[in-house]
Structure formats: structure tokens, C-alpha cells
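Work the whole structure out from these sequences, hints included.
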Amino acid sequence: GQQLNQSPQSMFIQEGEDVSMNCTSSSIFNTWLWYKQEPGEGPVLLIALYKAGELTSNGRLTAQFGITRKDSFLNISASIPSDVGIYFCAGLSLNRDDKIIFGKGTRLHILP
Amino acid sequence: DGGITQSPKYLFRKEGQNVTLSCEQNLNHDAMYWYRQDPGQGLRLIYYSQIVNDFQKGDIAEGYSVSREKKESFPLTVTSAQKNPTAFYLCASNRGGNYNSPLHFGNGTRLTVT
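Order-wise, the sequence lines are chains A and B. The numbering of the first sequence is this note's numbering, which starts it at 1 and goes up by one. The numbering of the second sequence is this note's numbering, which starts it at 1001 and goes up by one.
Hints are not guaranteed to be accurate.
[Unchecked claim] Derived DSSO-like pairs (lysine-lysine); straight-line CA-CA distance at most 27 Å:
1) B:K1070 <-> B:K1009
2) B:K1083 <-> B:K1057
3) B:K1057 <-> B:K1009
4) B:K1014 <-> A:K104
5) B:K1071 <-> B:K1009
6) A:K104 <-> A:K51
7) B:K1083 <-> B:K1009
8) A:K104 <-> A:K70
9) B:K1083 <-> A:K104
10) B:K1071 <-> A:K99
11) A:K51 <-> A:K99
12) A:K99 <-> A:K70
13) A:K99 <-> B:K1083
14) B:K1057 <-> B:K1014
15) B:K1014 <-> B:K1071
16) B:K1009 <-> A:K104
17) A:K70 <-> A:K51
18) B:K1070 <-> A:K99
19) B:K1071 <-> B:K1057
20) B:K1057 <-> B:K1070
21) A:K99 <-> B:K1057
Read the hints as simulated data drawn from the structure, not as lab findings.
See the structure below:
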């Protein structure tokens, strides 16, 4: 079945540093999504990407839809304490029977 | 404001009892989903429904049941047959079909079975 490989699994960074995480797949997706989940809450959509090569920003967050349609990355610039949480990527295909596939998440820790 | 409401936020049950988790959405979405999340783990799909009165098993459906009698509601029952029911349960919805529509999530129900 379809799988997403999300890396890294966790990150420990200093406040103010930039962050980069990515997802790769052996399957082609038509949409890539990036979510953030804070403790005890549901995931919240950060960025949605619909076209290969698309680069989209949301404040300090930037995400790109890979040209091959098999990968995506998320960058966070100048991290702040409230960036702490788990970041999930998700892929959707246009096949009506396919389900949304989630990566296992990247847990971001910010050191004071 | 439109959104997805899950209730209750915390639920405690004794082993051997069935328990039903509520999920209501007012986003006019056709599709609804239930996921299970264990500590340090990703999201695993339990059941999903693309349209009223129809639903399909996800990857870990054993020990769970659902119904979809109304477009707005997709309750999940955790039965006594579920061997490890303690987990964080997330409900989600989207437009479904071929719309490449992102999932919108509720804030989850944490179920503890002792």
C-alpha cells in the first residue's frame, strides 16, 4: 500500500534556528498537506499544495510540492517557542478509492 | 463558525463496557473519518464514510463500529472486543469525492479504559 516516509522523527533546536522536515513516497500524489498538532488537540492545517513545483508560504512557514510529485518539504524560519508540536505531512491522490495517507510526524522541541 | 465538535474531551470506562464517542460537523462535508492516535504514533484510520448511510473499514477497524445516519454526525462505538482501547481518538471531515479536499479535525477524545 501507499506509505509516506517523514523525517526526521524528532528535532531538538535552539530558539531562532530554522527548521526543515520532509516527506517522501514511492507513490505520486496530487495534493500535499502539512498539519501541526499541539498536545491534547487535533491537527490543524498549515499549508495545502495542489501543483507540482508549487512553493507556498504561511508566515514563517514555507512548503513545497516536489516536481516528481513524490515528495514535499516544510521549512520554519526563526523558530519560536510556540512552534513546539508535532508536524504531519499527508498526501492525497485523485483516485476516488484512495484514502489520505499521513506521515508518522516530526516532533519539534525548542530549547531555551 | 463552522467546525467539528467531538465530545466528550475525556472519557473513562471500565473494561468490558462499550462506549460511544460523538462527532458532529457543520461544514456541510460529505466525508467523515475516525482516526486513532497512540503516544508517539501517527494517525491510524479506523473507519470512514463518504456519504450518508455508507461507511468503510479503515486499517484498524476490528473492535469498533460506526453509523452514518445523518450527514452531520458520525459516532464511533468502541466495543469490548477492542483489545487496547485506551487512546486519543480524532474525528475528521472533508468534501470527499475527487475534490482533493484537506481534512479538518476535531479536538479529539481521550479514552481511558481500566
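Hints, one by one, checked against the model:
For the suggested pair K1070 (chain B) and K1009 (chain B), the alpha carbons sit about 22 Å apart, so the restraint of at most 27 Å is met. Between K1083 (chain B) and K1057 (chain B) the CA atoms are separated by roughly 17 Å; this keeps the pair inside 27 Å, and the hint holds. At roughly 24 Å between alpha-carbon atoms, K1057 (chain B) and K1009 (chain B) fall within 27 Å of each other, so this suggested pair holds. A distance of roughly 30 Å separates the Cα atoms of K1014 (chain B) and K104 (chain A); the hinted pair therefore is violated under the 27 Å criterion.
Pair hint K1071 (chain B) plus K1009 (chain B) holds up; C-alpha atoms about 22 Å apart against a cutoff of 27 Å. The straight-line distance between the Cα atoms of K104 (chain A) and K51 (chain A) is roughly 23 Å, inside the 27 Å bound, and the hint therefore holds. Pair hint K1083 (chain B) plus K1009 (chain B) holds up; C-alpha atoms about 22 Å apart against a cutoff of 27 Å. Using a Cα cut-off of 27 Å, the hinted pair K104 (chain A) and K70 (chain A) holds, with the two alpha carbons roughly 16 Å apart.
The hinted pair formed by K1083 (chain B) and K104 (chain A) meets the criterion: a straight-line CA distance of about 23 Å does not exceed 27 Å. Taking the CA atoms of K1071 (chain B) and K99 (chain A), the gap is near 19 Å; set against the 27 Å cutoff, the hint holds. With a C-alpha separation of about 19 Å, the suggested pair K51 (chain A) and K99 (chain A) falls inside the 27 Å cut-off, and the hint holds. A hinted pair counts as satisfied when its Cα atoms are at most 27 Å apart, and K99 (chain A) with K70 (chain A) qualifies at roughly 16 Å.
Restraint check for K99 (chain A) and K1083 (chain B): the C-alpha separation of about 25 Å stays at or below 27 Å, so the hint holds. As the CA atoms of K1057 (chain B) and K1014 (chain B) are separated by approximately 26 Å, the hinted pair is consistent with the 27 Å bound. Of the supplied pair hints, the one linking K1014 (chain B) and K1071 (chain B) is violated, its CA atoms being roughly 31 Å apart against a limit of 27 Å. Restraint check for K1009 (chain B) and K104 (chain A): satisfied, since their Cα atoms lie roughly 23 Å apart, inside the 27 Å limit.
A threshold of 27 Å between alpha carbons decides the hint, and for K70 (chain A) with K51 (chain A) the separation of about 12 Å falls inside it, so the pair holds. A distance of roughly 22 Å separates the Cα atoms of K1070 (chain B) and K99 (chain A); the hinted pair therefore holds under the 27 Å criterion. Between K1071 (chain B) and K1057 (chain B) the CA atoms are separated by roughly 18 Å; this keeps the pair inside 27 Å, and the hint holds. For the suggested pair K1057 (chain B) and K1070 (chain B), the alpha carbons sit about 18 Å apart, so the restraint of at most 27 Å is met.
About 11 Å separates the Cα atoms of K99 (chain A) and K1057 (chain B), which keeps this hinted pair within 27 Å; it holds.
Comparing the model with each numbered hint stated earlier shows that hints 4 and 15 do not hold.
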